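Produce the entire structure from the sequences given, and follow the hints as far as they go.
Protein sequences, first through last, are from chains A and B.
Residue numbering for the first sequence follows the numbering used here, starting at 1 and increasing by one per position.
Residue numbering for the second sequence follows the numbering used here, starting at 1001 and increasing by one per position.
Keep in mind that a hint or two might mislead.
Coverage of chain A stretches by chain B, computed from C-beta distances (three or more under 8 Å per stretch; other residues unrestricted) [said to hold, decoys possible]: (1) 41–49; (2) 85–97; (3) 109–117.
Honestly, the hints are just simulated from the structure, not real lab data.
Here the structure is a predicted model, which is why all the values come from computation and not from measurement.
We treat Cβ as the ideally placed atom computed from N, Cα and C, and that holds for glycine.
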Amino acid sequence: MKKYDIISTIFWFGLSIFVMAVSYKYGLGSFRTPGPGLMPFFVSLLLFIICCYLLLSLLLEKHRENEIVKEDHSQTHFWRIGVVLVALYTYALLLETIGYLVATFVLLIILFRMAGYKRWSGLLVSSTVIILITFFVFTYLGLRFPMGILKWR
Amino acid sequence: MDLFSGLISGFQTTLQPINLLFCFAGVFIGTLIGVLPGIGPTGAISILLPLSFGISPTSAIILLAGIYYGSQYGGSTTSILVNIPGEPSSVITCLDGYQMARRGRAGPALGISAFGSFIGGTFSVIGLMFLVFPLAQAALKLGPPEFVSLICMGITLLIYMAHGSIIKAVIMALVGFILSTVGIDLVTGTPRFSFGSPALLDGIGIVPLGMGLFGISEVLTNIEQPEERVIFQTKVRNVLPNLQDWKRSIGPISRGSFLGFFLGVLPGGGAVISSFVSYAVEKRISKHPEAFGQGAIEGVAGPETANNAGAGGSFIPLFAFGLPSNAVLAVLMGALIIHGVTPGPTFMSEHAEIFWGVVASMYIGNCMLLLLNLPLIGIWVKLLKVPYRILMPLIVLFCVIGAYSLNTNVADVIIMVTFGLVGYMMRKFDYEGAPLIMAYVLGPMMESAFRQSLIMSDGRFSIFFERPISAVTLMISALLFVSSWFSYYRKAKRKISQ
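Printed below as a string of structure tokens:
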């Protein structure tokens, strides 16, 4: 746990320095006429101070790692998260090119599989039904889905 | 408009078939997400917000408010039958509700919880009607320094009540403020943190942010380690509590209504804290405190009443000051702003139709919820058996469609997925999303009031301490902050010395 806390604090520490540097570029102005960078600079400065304090107290803490019982990751499927995230990013990037119907069909199959749905027949039927229902309902509500490769020329 | 004519016009608005339909849809979805552990009202409102774009602001707010107070009803069902709280505000109901179910008294537990919720919910709507106007009048006299102080107090209270580490909650609030500065600066027109991306010029939308942090991250957590829900095998019968149950519950219900409502009004308060305080009070004043945790009906009636009263009460700071008191209302405020309605002191006069429509819909919604949760309880029990492997892809699909429908732009989907990953990492590292979303929503208001205050005072920070309301509010915030920091410091010191 201590290791994880140090990692997350270093991340926020880095973020605070980055935001401070960028805010400074935007211009801090003065207290009489505050510039666009003043508020983010001020907030990131606070974040920086807190991270320094937290990091220091975490590094001074000696024996905490021994007290923490290690989490059981034997039943954890981290790879599934990776697959879902890659599928979602790819879906977003390809949605307008290949269209809602095809892209969402593939996405739903991946999601159902990752969620533990095993029967292929049920999976194909439910994905098709869900896509058609959402397509017609949301189109009726005024949303224009990209048709992509199925576009009528 | 006086209270009576306002209420009449509110009922006229709500009783229109389309608004009745949205009211029903709201409380139905609210009960559904309350029953299903996982997606909470914050996530559900974020997911369904894009659906409300095509409808009138009144109908949209009736729908979204219904989801919030409806979720408080549904949350108790899983607490009683599965021992898993559907909502954080129903955590405490697990203690006695599940024990009652194990003893074959699931029916009365569900029944008293529904009746208590109805009474608490209705009481809070009456309180809301009477309290919101004097508070809005008072709010009109507040200037930018007071608003800065009030926002500080709201955030501090939320941090103070954080479930986990105080320091992590502070970090989350600061990150929320930083995120709120993304986009064009409204005073100077300078684009900030957009790095040349047109999608970020308007800032990060509340919808992709909320969906990512509360929807996608929930799904990712469940994929990683799917949990099997064990439903207690008992027949739900006799949902109407008997005379003895009523005698024991009437006190906790009355106290829960008052406590819940007033705790809900406080910035940072709401349904969660109300239910915990009510349980503590009931146990403290009970002649048989040892019965608590063993299936005492008072331990179900009090907290379930208080969380509904708290949910209703928490609308007051939103409507009167334009300040949301918790993460759900922060998202709801975002929804109001998207619909072109700015909550605040002038909200009730400028948008009387929306205000009275929402108030009347709360009365009607509470009646609908009583019907949904008593005669139709069997449906919700069956819904508990819907496997997550079916729900999860649907949640993701609704998030994707919702994000895309905002601007028909895939950039919003990418932002949502990215915040989904951020939310998942936050859960892994024990960071809470509530302070982040609150600070994110209040950030622009805070920045504008802060800059106005400095301009007004010619750059002097003493303006925040010279004005009495601002000074007192800041003092309360400082006390709360110091007390929570002190407890954190003591814990850290103890660990270092060990």
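Has the segment 109–117 of chain A got at least three residues whose CB is nearer than 8 Å to a CB belonging to chain B?
holds (count 6)
Is the coverage entry for the segment 85–97 of chain A by chain B consistent with the three-residue Cβ rule at 8 Å?
With 8 residues in contact (Cβ-Cβ under 8 Å with chain B), the coverage given for the segment 85–97 of chain A holds.
Counting residues of the segment 41–49 of chain A that have a beta-carbon nearer than 8 Å to any beta-carbon of chain B, does the count reach 3?
holds (count 4)
Consistency note: the structure conflicts with none of the earlier hints.
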